[in-house]
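*Asks:* Read top to bottom, the protein sequences are chains L and A.
When we follow numbering that gives the first Met the number 0, the leftmost residue of the first sequence carries the number 0, and every step to the right adds one.
When we follow numbering that gives the first Met the number 0, the leftmost residue of the second sequence carries the number 0, and every step to the right adds one.
Since the hints were made in silico from the structure, they are not lab data.
Be aware that a few hints might be false.
Identical chains share a label here; the pair holds if one copy fits it or two copies do between them.
Dumping the calculated SDA-like pairs for lysine to any residue here, alpha-carbon to alpha-carbon at most 20 Å [to be verified]: (1) K278 x T267; (2) K191 x H302; (3) K140 x R254; (4) K191 x K240; (5) K191 x E73; (6) K57 x E327; (7) K154 x I197; (8) K271 x E256; (9) K191 x P272; (10) K140 x L250.
Bear in mind the structure is a predicted one, so any value in this text is a computation, not a measurement.
2 protein chains.
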Amino acid sequence: MASTRVKIAVDAMGGDNAPNEIIAGAIRAAAELDIDILLVGDAQHIESYLQQHHQSPKNVEIVPSEGVVSMEEEPLVALRRKPKASINVAMDLVKQKRADAVVSAGHSGAAMAAALLRLGRIKGIDRPAIGAVLPTLLAGKSVIVLDVGANVDCKPKYLEQFAIMGTVYSKFVMDVDIPKVGLLNIGEEPTKGNDLAIRTHELLEANQAIAFGGNAEGRDVLKGDFDVIVCDGFVGNILLKFAEAIGEVMLQILREELPQGINGQIGTALLKPNLQRIKQRMDHAEHGGALLFGVDGVCIISHGSSQAPSIFNAIRLASEAIDHQVIERIRSYNQQSSFEKTEKLSVSNES
Amino acid sequence: MASTRVKIAVDAMGGDNAPNEIIAGAIRAAAELDIDILLVGDAQHIESYLQQHHQSPKNVEIVPSEGVVSMEEEPLVALRRKPKASINVAMDLVKQKRADAVVSAGHSGAAMAAALLRLGRIKGIDRPAIGAVLPTLLAGKSVIVLDVGANVDCKPKYLEQFAIMGTVYSKFVMDVDIPKVGLLNIGEEPTKGNDLAIRTHELLEANQAIAFGGNAEGRDVLKGDFDVIVCDGFVGNILLKFAEAIGEVMLQILREELPQGINGQIGTALLKPNLQRIKQRMDHAEHGGALLFGVDGVCIISHGSSQAPSIFNAIRLASEAIDHQVIERIRSYNQQSSFEKTEKLSVSNES
Numbered sequence: 000m001a002s003t004r005v006k007i008a009v010d011a012m013g014g015d016n017a018p019n020e021i022i023a024g025a026i027r028a029a030a031e032l033d034i035d036i037l038l039v040g041d042a043q044h045i046e047s048y049l050q051q052h053h054q055s056p057k058n059v060e061i062v063p064s065e066g067v068v069s070m071e072e073e074p075l076v077a078l079r080r081k082p083k084a085s086i087n088v089a090m091d092l093v094k095q096k097r098a099d100a101v102v103s104a105g106h107s108g109a110a111m112a113a114a115l116l117r118l119g120r121i122k123g124i125d126r127p128a129i130g131a132v133l134p135t136l137l138a139g140k141s142v143i144v145l146d147v148g149a150n151v152d153c154k155p156k157y158l159e160q161f162a163i164m165g166t167v168y169s170k171f172v173m174d175v176d177i178p179k180v181g182l183l184n185i186g187e188e189p190t191k192g193n194d195l196a197i198r199t200h201e202l203l204e205a206n207q208a209i210a211f212g213g214n215a216e217g218r219d220v221l222k223g224d225f226d227v228i229v230c231d232g233f234v235g236n237i238l239l240k241f242a243e244a245i246g247e248v249m250l251q252i253l254r255e256e257l258p259q260g261i262n263g264q265i266g267t268a269l270l271k272p273n274l275q276r277i278k279q280r281m282d283h284a285e286h287g288g289a290l291l292f293g294v295d296g297v298c299i300i301s302h303g304s305s306q307a308p309s310i311f312n313a314i315r316l317a318s319e320a321i322d323h324q325v326i327e328r329i330r331s332y333n334q335q336s337s338f339e340k341t342e343k344l345s346v347s348n349e350s
Numbered sequence: 000m001a002s003t004r005v006k007i008a009v010d011a012m013g014g015d016n017a018p019n020e021i022i023a024g025a026i027r028a029a030a031e032l033d034i035d036i037l038l039v040g041d042a043q044h045i046e047s048y049l050q051q052h053h054q055s056p057k058n059v060e061i062v063p064s065e066g067v068v069s070m071e072e073e074p075l076v077a078l079r080r081k082p083k084a085s086i087n088v089a090m091d092l093v094k095q096k097r098a099d100a101v102v103s104a105g106h107s108g109a110a111m112a113a114a115l116l117r118l119g120r121i122k123g124i125d126r127p128a129i130g131a132v133l134p135t136l137l138a139g140k141s142v143i144v145l146d147v148g149a150n151v152d153c154k155p156k157y158l159e160q161f162a163i164m165g166t167v168y169s170k171f172v173m174d175v176d177i178p179k180v181g182l183l184n185i186g187e188e189p190t191k192g193n194d195l196a197i198r199t200h201e202l203l204e205a206n207q208a209i210a211f212g213g214n215a216e217g218r219d220v221l222k223g224d225f226d227v228i229v230c231d232g233f234v235g236n237i238l239l240k241f242a243e244a245i246g247e248v249m250l251q252i253l254r255e256e257l258p259q260g261i262n263g264q265i266g267t268a269l270l271k272p273n274l275q276r277i278k279q280r281m282d283h284a285e286h287g288g289a290l291l292f293g294v295d296g297v298c299i300i301s302h303g304s305s306q307a308p309s310i311f312n313a314i315r316l317a318s319e320a321i322d323h324q325v326i327e328r329i330r331s332y333n334q335q336s337s338f339e340k341t342e343k344l345s346v347s348n349e350s
């Protein structure tokens, strides 16, 4: 390759607001980040959009695709029937090393299936997991929760692998020295929980390469005590969607209650900029998307309802994952001996 | 019994703030509600508290107990070792028909075990479930979620029984004409979810006595679309604890962001009463406690951190459940034929 600049393939056709919002987010990323964008989709539409908006960024290349996997389709069937669908073409760009990452707001099941089929799994990882980064109560501190939807029925060893991938991400992308791993559960004691939780607890406790901090209850997720929280994709998905929706609930309570009475109206008017900031802190668009861990390439799965700002943030997230060599580190971690792993992550057993 | 007034046994010794906050909440309930209170606990302490506070309500009776099951104890062992522990004595009052309900903020596992051992299950119910009532986005509309912690590993038929108990509660206590039941799941389609969810979906769909509205995703829980949401106690407990904590998170964001800048300080001062109302809407103390469904008596399990207002609300909740004959209705429902059930709940198959 002539250039060593990071190249990100963006699925322009996936998502409720595709293609225009996706294109808009990608153009902003091309302008503000030091990266190249490969916009995968209906070439004619993308070109006319760029012309209409008087844009001709040099670091945006259009890669034509045909068709898109819709939300109603069964992923595997659709991917096979539409080999040139945008998500397939985007994954192929990574496979062919023409791109370093894929960002898609389309059918998340299809994105995951396409990644598995075209990029394959990282050696040593049985199941890919979707990891979502959530803000915590501690300023500037985030927690990565995985899996939030890839695997509804899990085995303990999958959750152990999620713990390792989360640890790598937390350490190298989020700069946490010794990431503290929690197991999502219904009580603090090791004997608490369902069968999966109890058996996973044993595995995590015995794994010297991660800093296992014990069970994390629902109330602990956003506290900031843990850097990585593992769970099966059923619980994780319900939790994530609940968390996303509750921001909306809170904003609505504010909208209803704050402006009541004359003082309320004056006060609310004075607080407008501060309320705007609150909205941003609660808004999932700010977080961009979730990472698909365990496949052999960087894949960011954005929310189906993503608009341009989410896509911009998702592309930035992809770029950070590439810069910090997340895939290489997970791969090399899995090829090391247990002793080397301990050294590599410099995780002590003290808590 | 001489009187037909509702009598509620309150476990004065259970909870982080026992006994004083519990006593205070119970006295308020005795003053404001048309009920009798049996305060179960250390008689000497309760008497001296009443004297100190110049209280001698006629509708409060002290029932002495010895010891309490602490949070660290294994419930079954502790209940056997301490037959006169407050939770045991309170349950016995219901068994002996000296009280109509129990309210406890103590060890929830112990409360459940004591209820099962002393009151037994309602015929036709395999497992008791803890039901939590949450507010929704629709003004004045609540949703009951069960199970939120009694059963970590469930079978489909347990969830079907939870759906029936939730329907009875929603219809007769919350006055919902045709309660719409949702199955907590990760997608709308019947084929989505883990093994438990898929098999439960079939059962609920086939049950003519409930108005099954399909799967409810995490984002749907607080929307107000559903009146009853069923799930296993593992997922439900994590969701409930997350929901309780997120109110705190939101309040902290408000505290941090609202008073910033001079306008922020003035605006926040003007909004003080409105913010107080917001705090109340987000505060779990307002909801009082969770109901233990499926045991043969009304049991309210309050939050361990309950203070007087929570206890007051929990007692009111117990009184409502008694007034609306929840236990009798679940019991009689389970003794009816399938046809009668359909009639009784007047649930149509249309959606």
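*Asks:* With reference to the structure, classify each hint as holding or not holding.
*Replies:* Now the hints, each set against the structure:
Proximity of K278 and T267 under a CA criterion of 20 Å is satisfied in both settings, with 14 Å inside one chain copy and 16 Å between copies. Proximity of K191 to H302 under the C-alpha cut-off of 20 Å is restricted to the inter-copy arrangement: shortest distance 18 Å between copies versus 33 Å within a copy. In this assembly of identical chains, the alpha carbons of K140 and R254 lie at most 20 Å apart only when taken from different copies (18 Å versus 28 Å within one copy). Taking the shortest Cα distances, K191 and K240 sit within 20 Å of each other only across copies (15 Å), while inside one copy they are farther apart (25 Å).
Taking the closest pair of Cα atoms, K191 and E73 come within 20 Å of each other only across two copies (11 Å); inside a single copy the shortest separation is 37 Å, beyond that limit. Proximity of K57 to E327 under the C-alpha cut-off of 20 Å is found in neither arrangement, the shortest distances being 29 Å within a copy and 74 Å between copies. For the identical chains of this complex, K154 and I197 are neighbours both inside a copy (11 Å) and across copies (18 Å), given an alpha-carbon limit of 20 Å. Both within a single protomer and between protomers do K271 and E256 lie at most 20 Å apart by alpha-carbon distance, with minima of 14 Å and 11 Å respectively.
Taking the closest pair of Cα atoms, K191 and P272 never come within 20 Å of each other, the shortest separation being 45 Å inside a single copy and 42 Å across copies. For the identical chains of this complex, K140 and L250 are inter-copy neighbours only, at 18 Å across copies versus 22 Å inside a copy, given an alpha-carbon limit of 20 Å.
Of the numbered hints listed earlier, those contradicted by the structure are 6 and 9.
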